[in-house]
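A.B. asks: Given only the sequences and the hints, what does the whole structure look like? Please build it.
Number of protein chains: 2
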Amino acid sequence: MKSLFFRTISVTFFLASFSGAALVDDHIHGGDSHLPRPVVVEYSDVESLASGNDDVRLWCESWRFAGEANNLGPWTTVPVECVSYVKTYMTGKRYAFDLEMVSREASRFARSIQMRTDGMDAWVFDIDETLLSNLPYYAEHKYGLEIFNHGLFDKWVEKAVAPPIESSLKLYEEILGYGFKVFLLTGRSEAHRSITVDNLNRAGFRDWERLILRSLDDRKKSATIYKSEKRDELVGEGYRLHGNSGDQWSDLVGSSTSNRSFKLPNSMYYIP
Amino acid sequence: MKSLFFRTISVTFFLASFSGAALVDDHIHGGDSHLPRPVVVEYSDVESLASGNDDVRLWCESWRFAGEANNLGPWTTVPVECVSYVKTYMTGKRYAFDLEMVSREASRFARSIQMRTDGMDAWVFDIDETLLSNLPYYAEHKYGLEIFNHGLFDKWVEKAVAPPIESSLKLYEEILGYGFKVFLLTGRSEAHRSITVDNLNRAGFRDWERLILRSLDDRKKSATIYKSEKRDELVGEGYRLHGNSGDQWSDLVGSSTSNRSFKLPNSMYYIP
Chain L
1 MKSLFFRTIS VTFFLASFSG AALVDDHIHG GDSHLPRPVV VEYSDVESLA
51 SGNDDVRLWC ESWRFAGEAN NLGPWTTVPV ECVSYVKTYM TGKRYAFDLE
101 MVSREASRFA RSIQMRTDGM DAWVFDIDET LLSNLPYYAE HKYGLEIFNH
151 GLFDKWVEKA VAPPIESSLK LYEEILGYGF KVFLLTGRSE AHRSITVDNL
201 NRAGFRDWER LILRSLDDRK KSATIYKSEK RDELVGEGYR LHGNSGDQWS
251 DLVGSSTSNR SFKLPNSMYY IP
Chain U
1 MKSLFFRTIS VTFFLASFSG AALVDDHIHG GDSHLPRPVV VEYSDVESLA
51 SGNDDVRLWC ESWRFAGEAN NLGPWTTVPV ECVSYVKTYM TGKRYAFDLE
101 MVSREASRFA RSIQMRTDGM DAWVFDIDET LLSNLPYYAE HKYGLEIFNH
151 GLFDKWVEKA VAPPIESSLK LYEEILGYGF KVFLLTGRSE AHRSITVDNL
201 NRAGFRDWER LILRSLDDRK KSATIYKSEK RDELVGEGYR LHGNSGDQWS
251 DLVGSSTSNR SFKLPNSMYY IP
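Residue numbers (UniProt numbering), protein chains in the order written: chain L, 1 to 272; chain U, 1 to 272.
It should be emphasised that the hints constitute simulated quantities derived from the structure, not laboratory data.
The model shown is predicted, which means the values in this text are computed figures rather than measured ones.
From the three backbone atoms N, C-alpha and C, an ideal C-beta is built for every residue, glycine too.
Be careful, since some hints might not be right.
Sample of chain L residues facing chain U (criterion: CB under 10 Å; computed from the structure) [claimed, not checked]:
(1) R94
(2) F97
(3) L145
(4) G236
(5) G238
(6) L264
C.D. replies: This is the structure we're talking about:
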């Protein structure tokens with residue numbers, strides 16, 4: 001058995017080790033601006049494992065796993081070696097399966113809840129990469145390899161054509177059907193309220209209790225802080241936050257966390 | 001793009017939807033005892049996606065990712081369809097890569113910490129599947145398909161031959177080298193203290209500050225509660241918990257959580 005544990009990886013790759021999203025002072029990608037400064041993380045002091053294409057693929061899979069398990073520090077772009085892997089993942093069956101699995105688990109949990117009659121049982125949904133998919137945009141921008149461009153992304157948002165994530169739409173309708181109050185808590189700005197409503201309606205989402213967007217005061221806050229504050233307010237109003245669905249850990253952690261959190265997959269970008 | 005989001009999974013499989021570990025009133029697998037009661041979760045109301053062997057593999061991969069992202073509720077055994085997948089994963093490069101990746105990230109974080117001179121900077125490690133590998137045991141017990149057997153597992157533990165997870169041993173030594181106080185916080189019982197010390201030493205682990213095991217009073221507590229209480233005590237003593245490494249979410253969540261948590265992979269068992 002022992003040889004298993006001695007195998008290690010040798011790949012030199014680029015990772016952004018500075019905190020915050022680079023060149024980003026925007027609606028959905030967090031507050032802080034930092035210069036993009038790719039840092040070479042040396043993986044060359046270990047025995048070569050990732051020596052072939054297949055190993056690079058496995059390495060990228062480990063990178064994806066590490067992100068989904070919240071093991072990675074802040075990162076700005078997909079590692080250059082993993083662009084092909086991320087494209088294959090996001091456009092293939094795996095992403096579809098992963099989305100389906102998380103919706104199923106959320107649905108099972110929602111069904112298990114003993115609802116009260118006071119109308120205060122609640123569920124929180126993020127929007128981007130949770131209810132709506134920006135994959136058509138990212139397909140034109142190398143699936144996360146390009147540093148996030150605020151202006152270009154805004155133009156995409158303003159088209160209001162982001163398709164629904166179908167497994168999330170199904171979950172959303174189930175959640176409404178069970179009688180939960182639905183709160184949409186997004187990093188998008190107030191300036192995009194009406195276009196966001198248009199897009200949500202066009203994609204089939206209706207009947208939410210409240211759509212919460214970033215005000216000007218919120219713009220400099222990290223998503224974790226901003227979303228925690230908004231959840232604190234909901235809890236202060238007496239809502240019981242049973243479930244929370246989001247594609248970023250910053251949607252799910254902090255204060256007033258829900259009873260169960262559901263992390264949707266997203267290997268294209270990171271929001272602090 | 002749209003067809004991507006319409007694909008769904010159709011597999012009927014066994015999942016344990018009751019809470020707590022079945023037939024378990026043991027040292028490391030949590031407190032509550034429940035009768036094993038496999039529940040068939042019907043996935044047959046959706047269009048077939050997992051129709052071939054490859055799709056079953058992808059489905060199992062989604063199941064694994066859901067576990068690593070803490071999206072699954074409590075489960076008792078690996079789904080029967082996924083035993084082959086889990087075996088391949090645990091005995092192949094992927095597990096090794098995943099372990100390596102999480103140690104690397106933990107190492108990068110540890111290096112980034114500005115240590116103080118008061119000796120109160122601390123790191124918490126779980127033991128089983130974090131520092132020591134029980135893979136030789138699980139290889140004899142179908143990689144998590146068999147319901148956990150307290151007596152048999154105890155016999156394995158008492159041999160004190162669990163090998164180190166090499167990437168964790170390397171991290172452990174780095175962490176010590178940086179000057180962190182290391183706390184080993186395990187679900188194993190006090191009755192196994194000396195055998196655990198023997199195994200740790202044999203595997204190369206030394207110089208921890210404290211080895212914390214379950215007392216009789218702790219036996220009925222979930223791992224989340226027990227470990228939170230022990231971390232509360234450490235924080236009460238003034239330790240700053242920078243990092244926490246564990247293979248179960250119950251190692252990492254609750255109260256007095258560390259600044260960063262590192263979730264090691266484990267697809268063989270779940271501890272509440």
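A.B. asks: The hint names F97(L) as touching chain U; please verify it with the least Cβ-Cβ distance against 10 Å.
C.D. replies: Cβ of F97(L) sits 4 Å from chain U, so the hint holds.
A.B. asks: Quick one, is the G236(L) hint okay against chain U at 10 Å, beta carbons?
C.D. replies: Hint on G236(L): violated, closest Cβ of chain U at ~21 Å, above 10 Å.
A.B. asks: Going by Cβ atoms only, is R94(L) closer than 10 Å to chain U?
C.D. replies: holds (6 Å)
A.B. asks: Less than 10 Å between beta-carbons is the criterion; does L145(L) satisfy it with respect to chain U?
C.D. replies: violated (19 Å)
A.B. asks: Does G238(L) hold up as a contact with chain U if the rule is Cβ-Cβ below 10 Å?
C.D. replies: With a closest approach of 24 Å, the G238(L) hint is violated.
A.B. asks: Under 10 Å is the threshold here; is the Cβ of L264(L) close enough to any Cβ of chain U for the hint to stand?
C.D. replies: At 9 Å from the nearest chain U Cβ, L264(L) passes the 10 Å test, so the hint holds.
Hint violations for this structure: numbers 3, 4 and 5, all remaining hints satisfied.
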